[in-house]
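Asker: Each chain, written out:
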Amino acid sequence: MLAVTAIALLCVRGLFVASMLTGIYSLLTTALFVLLDAVDVAFTEAAVGAGITTVLFLAMLSKVSARHNDSSTLNFQPLPFLVVILTGALLVYATRDMPEFGDPQAPANLHVAPKYIKDGKKETGVPNLVTAVLASYRGYDTLGEVTVIFTAGVGVLLLLGRKRRRTSGESGEE
Amino acid sequence: MKNNFIVREVANLFLPIIVLFGFYVQFHGDFGPGGGFQAGVIVAVGIILYALVHGLKKTRQLIPDVFIRFLMAMGLLLFAATGLASLFLGAEFLNYSVLGSDQLTGQHIGIILIELGVGITVAAVMVAIFYAFVGRDAK
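So the sequences go chain by chain: C and Y.
In the numbering used here, each residue carries its 1-based index in the first sequence increased by 196.
In the numbering used here, each residue carries its 1-based index in the second sequence increased by 1165.
Bound-form chain Y, shown alone (with noise of 0.2 Å):
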């Protein structure tokens, strides 16, 4: 598919779209329909589709494996963390009413950081996985 100007061109017209789209699927969770995995999962399209378009090996050089394992781990983290701070400030473990000045701003603050953990973890996982697919070269 590398070489077919109108899947490149069009693939490329659509790239920000769809990684706008997920970000807004992130952080509109709370308004409308979606949040962290669903979001996660179209960033994660996104890419896939990039390296569809464009060749794994380029998309491997702007996202490395490493950063994607470093992601992988530090969404899940972020959501546990964000459950331990909770927990220091002196309510049960992922309760969030205490991040706040106010229960309605803690909850908030809380339930945007989990998302975002869990967001980052989707998206790092399903790509993950979609280069360790097509990544290995057949015997």
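Okay, chain C solo, but in the shape it has when bound (with noise of 0.2 Å):
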């Protein structure tokens, strides 16, 4: 299902229809990570890609629809696809030397997973492992990754947030 989603995104020209196609994609991705246990990425998962995203795809669409006219139509060129198949078959035959899903004997599992998942309540006391990694453990990572949203942030005001001043005198400006 997510496959046919994925095409179908492709082939719409509609940026409405295209957008509404993103959420439903994220959605069902939700729906993965659930069934691979991973419950606090598919919370992220569903409140980012299928909240936030759509609603800011929804709102840009809101401004640019007047002049966007998507006329274009699908025309097939042969040099972009054959890129994108050939390192699509590339990735695919690097995952038959990647371990067996859920592989006790795995590199990644044998690091330091084994001692986050023996000490992690008795050093933490937080029940929830994912929330002990991320806070206790990997504390830098987490203080990077909010660095990398404040940024994100900063950047966008910078972009798009100031105020407009087009008078007279200080067109030259901007």
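These are computed hints drawn from the structure, not numbers from a lab.
For clarity, every value in this text was computed on a predicted model and none was experimentally measured.
All residues carry an ideal CB built from backbone N, CA and C; glycine is no exception.
Mixed in with the good hints, there may be bad ones.
Derived list of chain Y stretches under chain C, where covered just means 3 residues or more per stretch with a C-beta under 8 Å from a C-beta of chain C [said to hold, decoys possible]: (1) 1176 to 1187; (2) 1230 to 1244; (3) 1250 to 1257; (4) 1275 to 1287.
Mind assembling these two chains? They're in different frames, but the hints should get you there.
Answerer: Shown next, in the form of structure tokens:
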């Protein structure tokens, strides 16, 4: 179903339908994360991907729809298509070297994960292991993530948030 | 959407529930799924819903831009200050064990503080981006 939505997303021309389909895609991804027992990630995907992003897309659409004309037709270009197929094939080939899904002997499961799982509750007193790792063990990373979000906000404000000062004297400033 | 009676009333009904759920996710994040990031987004969604139904102008009067920008910085600073506090109390940066009387209490205080910082920053940034996108007048 994820693949069907993705293909449909490629084929539709209308921006409104496309933004709705991205929302559906996010919701399906959420279901996938829940199936993989990653409830925290699913939560984020549902709130950000299906919620905020769709609203932002729609808000943007209401601004541009008057000027946008989607008369472009779907024309087939062989070279980009070939590059995409080759890259995809390479990625699929690379996954053959990856350890089995859920393999306890996989390198990612042997490094620090056993310590977190064994001592996490004792050392932090937090029952939700994801929170314990995110907030306590990997505190630096989370601080970095918050800084990234903050920087993104500052960037958007710098680009879009300022008042238009198109008065006669200051027109050269922008 | 401003003039649709049903949409307005349903939104008014759900708004407190959404924001309350946001706070629940925020402070319950160490027991169940969730945490600062998700909670911030949920609270921001509540504010955006209000803006969609009641208009951007009214929302901006309630929650002015300056306040949002202030919160954006405050959340990040709260996170960093928690780290610095543990630094000054004799442990490593962001090692919360020294914040309380024993290790578990310290960890708990630290995690709640930094999750609060994450939540504040995320909510403020989301609302700021929404304001910036929607408040932009079409040329």
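Asker: Per the coverage rule (Cβ-Cβ under 8 Å, at least three residues), is the region 1176 to 1187 of chain Y covered by chain C?
Answerer: violated (count 0)
Asker: At a Cβ distance under 8 Å, does chain C reach at least three residues of the region 1230 to 1244 of chain Y?
Answerer: holds (count 7)
Asker: Can the region 1275 to 1287 of chain Y be counted as covered by chain C under the rule of three residues or more with Cβ-Cβ separation shorter than 8 Å?
Answerer: Result for this restraint: holds, n = 8.
Asker: Using C-beta distances, would you say chain C covers the region 1250 to 1257 of chain Y, given that this needs three or more residues below 8 Å?
Answerer: Three-residue rule not met by the region 1250 to 1257 of chain Y, so violated; n is 0.
In summary, the structure is inconsistent with hints 1 and 3 from the numbered list given earlier, while agreeing with the others.
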